[in-house]
Amino acid sequence: MRSRKLLAGGILAIGLVVVGADAAWAQEAPVTAEDVQKNLDNVFVLVAAVLVIFMQAGFALVEAGLTRAKSVANIMMKNLMDFCAGALAFFAVGYAIAFGTGGNDLFGTGGWFLGSGAFQYGTLTVPVTFLFQVAFAATAATIVSGAMAERTRFKSYFLYSLVISAVIYPVVVHWNWGGGWLSKLSTPFHDFAGSTMVHMTGGIAALMGAIILGPRIGKYGADGKPRAIPAHNIPYAVLGTFILLVGWYGFNPGSELAADDAIGGIAVTTTLAAAAGAIAAMATIWMKTGKPDVAMTANGMLAGLVGITAGTAAVSNIGAVIIGAGAGLIVVAAVLFFDRIHVDDPVGAISVHGVCGAFGTICVGLFATEDSEFWKQGLFYGGGTDQLVSQVIGVVSVAAFVAVAAGLLFSVIKATVGLRVSEEEELAGLDVLEHGAPGYGPDVTPVSPPTPIPDGQPVTMPTGANS
Amino acid sequence: MIKLVTAVIKPHMLESVKDGLKSTGVQGLTVTEVKGFGRQGGHTETYRGAEYAVDLIPKLKVEVLCSADDVQSVMDMIRKSSHTGKIGDGKVWVVDVEHLLRVRTGEMGEDAT
Numbered sequence: 001m002r003s004r005k006l007l008a009g010g011i012l013a014i015g016l017v018v019v020g021a022d023a024a025w026a027q028e029a030p031v032t033a034e035d036v037q038k039n040l041d042n043v044f045v046l047v048a049a050v051l052v053i054f055m056q057a058g059f060a061l062v063e064a065g066l067t068r069a070k071s072v073a074n075i076m077m078k079n080l081m082d083f084c085a086g087a088l089a090f091f092a093v094g095y096a097i098a099f100g101t102g103g104n105d106l107f108g109t110g111g112w113f114l115g116s117g118a119f120q121y122g123t124l125t126v127p128v129t130f131l132f133q134v135a136f137a138a139t140a141a142t143i144v145s146g147a148m149a150e151r152t153r154f155k156s157y158f159l160y161s162l163v164i165s166a167v168i169y170p171v172v173v174h175w176n177w178g179g180g181w182l183s184k185l186s187t188p189f190h191d192f193a194g195s196t197m198v199h200m201t202g203g204i205a206a207l208m209g210a211i212i213l214g215p216r217i218g219k220y221g222a223d224g225k226p227r228a229i230p231a232h233n234i235p236y237a238v239l240g241t242f243i244l245l246v247g248w249y250g251f252n253p254g255s256e257l258a259a260d261d262a263i264g265g266i267a268v269t270t271t272l273a274a275a276a277g278a279i280a281a282m283a284t285i286w287m288k289t290g291k292p293d294v295a296m297t298a299n300g301m302l303a304g305l306v307g308i309t310a311g312t313a314a315v316s317n318i319g320a321v322i323i324g325a326g327a328g329l330i331v332v333a334a335v336l337f338f339d340r341i342h343v344d345d346p347v348g349a350i351s352v353h354g355v356c357g358a359f360g361t362i363c364v365g366l367f368a369t370e371d372s373e374f375w376k377q378g379l380f381y382g383g384g385t386d387q388l389v390s391q392v393i394g395v396v397s398v399a400a401f402v403a404v405a406a407g408l409l410f411s412v413i414k415a416t417v418g419l420r421v422s423e424e425e426e427l428a429g430l431d432v433l434e435h436g437a438p439g440y441g442p443d444v445t446p447v448s449p450p451t452p453i454p455d456g457q458p459v460t461m462p463t464g465a466n467s
Numbered sequence: 468m469i470k471l472v473t474a475v476i477k478p479h480m481l482e483s484v485k486d487g488l489k490s491t492g493v494q495g496l497t498v499t500e501v502k503g504f505g506r507q508g509g510h511t512e513t514y515r516g517a518e519y520a521v522d523l524i525p526k527l528k529v530e531v532l533c534s535a536d537d538v539q540s541v542m543d544m545i546r547k548s549s550h551t552g553k554i555g556d557g558k559v560w561v562v563d564v565e566h567l568l569r570v571r572t573g574e575m576g577e578d579a580t
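Note that the protein sequences, when read in sequence, are chains A and B.
Numbers 1 to 467, taken from this note's numbering, label the letters of the first sequence in order.
Numbers 468 to 580, taken from this note's numbering, label the letters of the second sequence in order.
Hints are all accurate, no fakes.
If we take Cβ atoms under 8 Å as the criterion, some of the chain A residues that face chain B in the derived model are:
(1) P226
(2) R227
(3) A228
(4) T289
(5) D293
(6) A295
(7) M296
(8) V335
(9) L336
(10) D339
(11) Q457
(12) P462
Bear in mind the hints are in silico, worked out from the structure with no lab data behind them.
The beta-carbon is built from N, C-alpha and C at its ideal position, and this holds for glycine as well.
So here's chain A without its partners, still in its complex pose (with noise of 0.2 Å):
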């Protein structure tokens, strides 16, 4: 009885103790709903950098896969490398020109290297703005290594990967993101997620980086017609397919920037968008050559997410079909285009990335449901051709600001270091001569120690033939 006395005593004691500490708590810090959902933004905007991240991944297996065996490590270390070498120049300075506060329309200062001054967006801290934002940077560089796959000198693509993520790409995002020029027009240009501006950056530099490397060797033959160059690995190009679509679900709605109400939307016409670019894309080769080639198909699906890119924030969920599926038709036409006017690219980036990106970003323009903040109702939904006009400013302005920059940029490699590799070791595959060691193959040292020959009996010969 007396025992039980002292244990309630006991518990009651520690409940107090609890409670006051609870309420010593609650008074210096109440927890707020605008604390909740700050913290749920950061986290929310943290997952999805980290899935735009994995798109590395899958941007290396579907170049790695489309392109041949004898470069497969060439074209690994080009992905390795463009986010590395992305990460750090837009850490050191790529950031503060996309959106540095300090400067003008055409380019921002301050924050560099992440230092005072550094750009954070609405409850998000400037960590989590900044890696959302370094993952966008490396996705535009590394869309280019497809394009100029198995002719390249490392080193050229090397230089090439640290200026598009320190200058070029941070300038075109300073333009709309970063508050410049394209985001104070009358109406102005959206891009919500990137069509252009990550997208079709990528692509136009990729298109520059192609035709001043010019075609690989036997891409055409003495007629001048294109010749296939198969992919050696199908199931890589798939798999790689398959992650970046993964990987787009942090794309597009985490440019939302906010754990809001519209993520679950924007997820959904990303979603539509890319089964329609692959069926699309899948139907059309199969009527042009009479079957349904996969590597095409694998390109119609990421047209699909590509074009949904910029709209997927303002259009239905049927816009969303409509514009996957026209992506997924363009694809096909403007990889056979490519070939035939002698731009080799062997994994279609220019195509993907750069046509369906520009194709994308018009869309916005006629398939606006309505009008909202950031957005006028596009000409399809009868909200006339304002936002159509600024969405073509948008996309030729970077267009040709990207091909000037880019141009330039490969024609002062290709006169300094060179661009294109030796034709005998382009013939030879470029894992071997330009990192030491083949992608594929046996190993090229022994890894057994050396045997003695055992003593043995003679052969004893027969005499006459044939036995």
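Based on the hints, put chain B in the right spot on chain A.
Frame of chain A; chain B shown alone:
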């Protein structure tokens, strides 16, 4: 008298050829992945809308060592077990073998088959 029977067959016919040869008493064979073309000269395919020639078709080369007495039954079995009646069924040829040695035992000639 030892003979080397070499057959070039469709890859998917290997199981049938192998089982067939075993049933005739053949005790060993060697299979190599090879490529080649015959009278038809291959065909063309398209990849991403561009054509390419598939003129070297993957085949398997099966090599069997046997005594001259067994050549008829080995060839019969290869023909029966690799035949589909469609283009590209392959060929079988036989050559004389000058010497044959089983490495482990040192046996020579027919003892080594």
